[in-house]
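Trainee: First to last, the sequence lines map onto chains A and B. Residues in the first sequence are numbered consecutively from 29, following my numbering. Residues in the second sequence are numbered consecutively from 676, following my numbering.
Since the hints were made in silico from the structure, they are not lab data. Glycine residues also receive a C-beta, built at the ideal position from the N, C-alpha and C atoms. One or more of the hints may lead you astray.
[Claimed, not checked] DSSO-like, lysine-lysine: derived pairs with alpha carbons at most 30 Å apart:
no., chain 1, residue 1, chain 2, residue 2
1, A, K110, A, K153
2, A, K171, A, K153
3, B, K705, A, K213
4, B, K680, A, K110
5, A, K177, A, K153
6, A, K245, A, K186
[Stated by the list, open to error] In silico negatives: residues of chain B with every beta carbon more than 10 Å from chain A:
no., residue
7, L699
8, F704
9, Q711
10, Q718
11, E723
12, N726
13, S727
14, R731
15, L733
16, S734
17, Q747
18, E753
19, L762
20, I768
[Said to hold, decoys possible] One side only, chain A facing chain B, incomplete, derived with CB under 10 Å:
no., residue
21, E31
22, S33
23, L47
24, I48
25, R51
26, I52
27, G85
28, V109
29, K110
30, S111
31, Y113
32, I114
33, K116
34, N119
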Amino acid sequence: MNEVSVVIVRSLMAFFTLLIFTRILGKQEVSQLTFFDYINGITIGSIAASLATNLNGRSLTEWVGLATWTGAVLALQVITVKSRYISKYINGEPIVIIMNGQIMETTMNKMRYQMGELLEQLREKSIFDISQVEFAVLEVNGKLSVLKKSSYQPVIPKDLNISTDYDGLSAELIYNGVVIEQNLKQVNLDRNWLEQQLRAKGINDPSEVMLAHLNTKGELYIDKYSDFVTDSADFSERYDPKEGQ
Amino acid sequence: MNSEKAVAYLLPIVAIILFLVVMLSPSIFKGQGVYQEINRLTQDVNKEDWNSANARLLSLDKEWQKVINRIQFGAEREEINSLSRSLARLKGIINAEDKDSALIELAEINHYWLAIGR
Numbered sequence: 029m030n031e032v033s034v035v036i037v038r039s040l041m042a043f044f045t046l047l048i049f050t051r052i053l054g055k056q057e058v059s060q061l062t063f064f065d066y067i068n069g070i071t072i073g074s075i076a077a078s079l080a081t082n083l084n085g086r087s088l089t090e091w092v093g094l095a096t097w098t099g100a101v102l103a104l105q106v107i108t109v110k111s112r113y114i115s116k117y118i119n120g121e122p123i124v125i126i127m128n129g130q131i132m133e134t135t136m137n138k139m140r141y142q143m144g145e146l147l148e149q150l151r152e153k154s155i156f157d158i159s160q161v162e163f164a165v166l167e168v169n170g171k172l173s174v175l176k177k178s179s180y181q182p183v184i185p186k187d188l189n190i191s192t193d194y195d196g197l198s199a200e201l202i203y204n205g206v207v208i209e210q211n212l213k214q215v216n217l218d219r220n221w222l223e224q225q226l227r228a229k230g231i232n233d234p235s236e237v238m239l240a241h242l243n244t245k246g247e248l249y250i251d252k253y254s255d256f257v258t259d260s261a262d263f264s265e266r267y268d269p270k271e272g273q
Numbered sequence: 676m677n678s679e680k681a682v683a684y685l686l687p688i689v690a691i692i693l694f695l696v697v698m699l700s701p702s703i704f705k706g707q708g709v710y711q712e713i714n715r716l717t718q719d720v721n722k723e724d725w726n727s728a729n730a731r732l733l734s735l736d737k738e739w740q741k742v743i744n745r746i747q748f749g750a751e752r753e754e755i756n757s758l759s760r761s762l763a764r765l766k767g768i769i770n771a772e773d774k775d776s777a778l779i780e781l782a783e784i785n786h787y788w789l790a791i792g793r
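Model the full assembly from the supplied sequences, consistent with the hints where possible.
Mentor: Listed below in structure tokens is the structure:
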């Protein structure tokens with residue numbers, strides 16, 4: 029028995045199983061995960077690692093463990109989407125920490141949420157003066173959502189009755205030198221128009237372009253593979269400054 | 676459903692079926708060869724026909740090596756190693772022509788064999 033080949037085969041099975049299962053579980057940003065989701069992710073990864081390298085266990089039993097855990101997470105996801113009550117029961121609810129500028133100490137104690145944590149999370153939101161806060165809500169994923177008092181909120185064009193242009197999603201027309209015909213059609217343009225625009229900028233072939241996208245104002249942004257920056261800014265700290273002296 | 680979507684769904688299904696076949700390989704590809712050789716060897720030991728038992732042990736070992744290649748990706752390493760160790764011990768016992776110990780070892784080999792893929 030060649031153990032290396034067994035580990036290779038089992039690792040490939042674990043890798044692709046994990047890939048399939050995580051795709052089934054759907055897209056959830058790491059920052060949006062609750063503590064329970066986070067632990068589930070670690071556990072599923074740990075079982076997959078065991079499937080890959082623990083040759084003293086049958087691969088099927090480890091795989092079944094992985095599938096069961098994924099199935100349980102999926103079932104909880106489905107249940108929590110369907111029932112708001114169960115969702116609240118399992119994931120908890122957002123908690124108001126600051127209400128009308130008043131810190132809710134009792135709620136904080138109940139949640140075992142410390143004042144230091146509150147101040148830190150406010151600072152992360154560039155709030156260094158707690159008196160600027162009208163409402164602060166501790167979300168299920170542990171993040172703090174803050175509503176500043178109206179006098180501390182930035183002015184927006186609507187406040188000044190300034191009319192603004194529509195701003196939507198840009199359409200990618202060339203990606204990695206390949207023209208995306210589908211996107212061209214969606215914005216009611218054709219290849220001739222695109223080639224004309226490229227020629228106007230001295231580009232003879234779309235393959236010279238790394239990225240081209242069209243914004244809702246009709247402006248075409250083009251980035252070519254060949255850049256003409258002669259002295260690019262280097263922020264690297266790989267070299268010891270003392271060496272240069 | 677267009678063909679691209681069908682492939683997107685079929686690919687993971689085929690992959691999972693393939694993985695299950697590999698993981699179930701101890702049950703699927705175990706075969707009966709080793710079991711038959713164990714039974715024949717037990718008969719030889721019972722008859723104390725040591726020449727035949729020696730030849731039978733060689734063919735049992737050969738058959739076992741073939742099975743290892745087929746089941747190694749799904750079976751426990753310890754299951755495989757235990758049976759291999761037991762076979763090595765049996766070789767010495769048969770050379771010593773010790774009927775009682777040979778039967779004990781054969782019973783153990785049989786136990787390991789039945790446990791594989793269960």
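Trainee: Work down the list of hints and note, for each, if the structure agrees.
Mentor: The hints, checked one at a time:
no., hint, in the structure
1, A:K110 to A:K153, "violated (33 Å)"
2, A:K171 to A:K153, "holds (11 Å)"
3, B:K705 to A:K213, "violated (58 Å)"
4, B:K680 to A:K110, "holds (27 Å)"
5, A:K177 to A:K153, "holds (14 Å)"
6, A:K245 to A:K186, "holds (20 Å)"
7, L699, "violated (6 Å)"
8, F704, "holds (13 Å)"
9, Q711, "holds (22 Å)"
10, Q718, "holds (29 Å)"
11, E723, "holds (33 Å)"
12, N726, "holds (30 Å)"
13, S727, "holds (29 Å)"
14, R731, "holds (23 Å)"
15, L733, "holds (19 Å)"
16, S734, "holds (20 Å)"
17, Q747, "violated (5 Å)"
18, E753, "violated (5 Å)"
19, L762, "holds (14 Å)"
20, I768, "holds (24 Å)"
21, E31, "holds (7 Å)"
22, S33, "holds (8 Å)"
23, L47, "holds (8 Å)"
24, I48, "holds (4 Å)"
25, R51, "holds (8 Å)"
26, I52, "holds (8 Å)"
27, G85, "holds (6 Å)"
28, V109, "violated (22 Å)"
29, K110, "violated (24 Å)"
30, S111, "violated (28 Å)"
31, Y113, "violated (33 Å)"
32, I114, "violated (29 Å)"
33, K116, "violated (33 Å)"
34, N119, "violated (28 Å)"
This entry does not satisfy hints 1, 3, 7, 17, 18, 28, 29, 30, 31, 32, 33, 34, going by the numbered hints stated previously.
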